[in-house]
Amino acid sequence: MSQALALRARNFRISFWQGIFVVLLLLFLGVTFVRFTRGLGAVTNLSDGFPWGLWIGFDVLCGVGLAAGAFTIMATVHLLNIKRFEPIVRPTLLTGFLGYVFVIIALMFDLGQPWRIWHALVFWNPHSVMFEVAWCVMLYTTVLMLEFLPIVFERLRLERPRRMLRFVSTPLVVAGVLLSTLHQSSLGSLYLIVPSKLHPLWYTPLLPFLFFISAVGAGIGMTFVESYLSQRAFGRHLEMTLLEPLARFMVVILTVYGLWRLRITQANGALAGLLHPGYEQWMFMLEIGLGVILPVALLLSRRIRNSPRGLVGAGFLAVFGFVMYRLNVSVTGMEATSGVHYTPSWMELVVSLGLLAIGMAIFAVAVRVLPIFPEPEGGPGAAGFGGDDAEAGLIEGEAAAPGR
Amino acid sequence: MSVGLLFDSTKCIGCGGCTAACKEQNNLPLPIEPVTTAYTWTIVEKRDGAFVRRLCMHCLEPTCVSVCPVGALQKSASGGVVYDAGKCIGCRYCIMACPFGVPKYQWDRAIPVVGKCVLCPDRVKAGLATACATVCPTGATLFGDRDALAREARARIDAEPAKYVDHVYGLEEAGGTSVLMLSGVPFERLGMKTDVPRQPLPLLTWQILSKVPDFVILAGAFLFGLHWITHRRDEVRQAEEDER
Ligand code: SF4
Ligand code: SF4
Ligand code: SF4
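So the sequence lines, in the order shown, correspond to chains A and B.
Start counting the first sequence at 2; every next residue gets the next number (this note's numbering).
Start counting the second sequence at 31; every next residue gets the next number (this note's numbering).
Okay, chain A solo, but in the shape it has when bound (with noise of 0.2 Å):
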């Protein structure tokens, strides 16, 4: 009986959600059509004090850092051949393909003709960060999406072209690795042009560094968020056994890149200005004490570390510091000096929102239909899947053999 009520709890929870989504949806449809008829001005607060906004900063910039767990956890399985961590490969490279096409929608809204994005092809300046940026786009969205097909042949039973791709595999999560270091980084390198425009306590000439650690950072604790949510709605997860280790790196990770950040902040002067805050201060004080600082304390707890809520809890803390350090650069360290504030507006939050649902959405999606997640080893989570799932469960048993 109270089953039955909880479940019926668990269904309004649903329609609610997908109430929001909906209006998200529309909403975001309303957008599109006026950004592209009446031009950026018309929906959006950029200027030319402020030609930036939140589009480059948080779907741009944080979409791309969010697809970090794809290559260090394939560099881990496949380069280094700790093989342990194979199951979770697939939810890490799943979200790094939707990162990527969230980042490629989101670059369509922004750009004042997007339609021209082939320019970057064919009009070369490699002088320009930008350029790297775009070729980096490009080539690594083509390579997620080849070692994320396999998935999707293995689902379809198509097996001559998984092991044509197969074929290829190592060459693919090098050529990954290499494209993610350098995209990573080159975010970062975006800004090594404003030296008089970004205020000190982030501007650095080792953006592209920090840019790159503070993503690998992201990448791990995007696992342990993902790794909670698809237990909650799908009874699927990965094991503690392979979290915790995992723990232990990001708080290496996290501990380095601190440590970066203040001796950086320390040698610009900066670090004197935090003793009497003001806006600036206080933002970088609280993206590295909430988003840094925090999770590392966290985690040094070997009773947080073992607990699934300690870690999504640390993992979050993690990509908000890391979502944080995103937007400091992009958006609070150029505000001072372009003379404007920067805000911005409903709709620019409602395309990046509904982009970022329909992420989510398309991840819930493909968790239900593609082998993404270790089968639930007779878990309370399993009684909810249907026969669908029990043969995709019998591919998936092949699938983790050839680790053993």
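It is worth saying that the hints were derived from the structure and are not from the lab.
A partial selection of chain A residues facing chain B, derived with a Cβ cut-off under 7 Å:
id : residue
1  : Gln-114
2  : Arg-117
3  : Val-178
Glycine is no exception: its CB is placed at the ideal position from the N, C-alpha and C atoms.
For chain A, the structure is supplied; the task is to place chain B with the ligands on it using the hints.
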């Protein structure tokens, strides 16, 4: 020959002739706006009792040219930084990166392009001075060879040290610009950016970007090598299986 402009704020009477001439020369729509926009490429502003022109500085090593992914902005041989609207994808990196805040965007159009002073390339090619310099009634905006203008600027300061601030703006800013300025009041009070680095900014990114090919080759070799080492055991096992 590389040409440029010398703007002498002490000679400017704020008539706005340059702004109007620029509009006409470049077929820009009216009205004349109070700040530079994609439709108003140059304005005259009154600051601290003096007049100052806002226009592209035409850097010798332009930031905007280096950041444009598709090469829509180019430094022409004659000195002007010109813009090819047909190539521009609208990423607005030039607007974000220019240390002088010059390029502007058509935010109100569905098919927008960038707008900025391009140093009248057609006129310069025909051997004429820029439109703004031609109409200037007092000679506050002077057109000529950039290096000759730099010498002229120095000579004016030396001749009347009491009248001028001892600085030729644009001689060293961002590695030097083709547009030079003289003033009787400190440049920051004219609203000119005085914290612009002295070296050309494109170097800052090139230091990193020029390493990309090396990185790809070395890291690529390393990663394949890593794979080769870590998969040795798998290969051995495979070989054993094959024997069986
Ligand atoms: S002032 Fe700005 S727009 Fe003009 S050439 Fe220099 S970088 Fe380019
Ligand atoms: S907005 Fe146009 S001109 Fe400016 S950098 Fe981008 S592509 Fe080049
Ligand atoms: S040089 Fe030509 S484009 Fe530039 S401000 Fe003068 S008239 Fe306008």
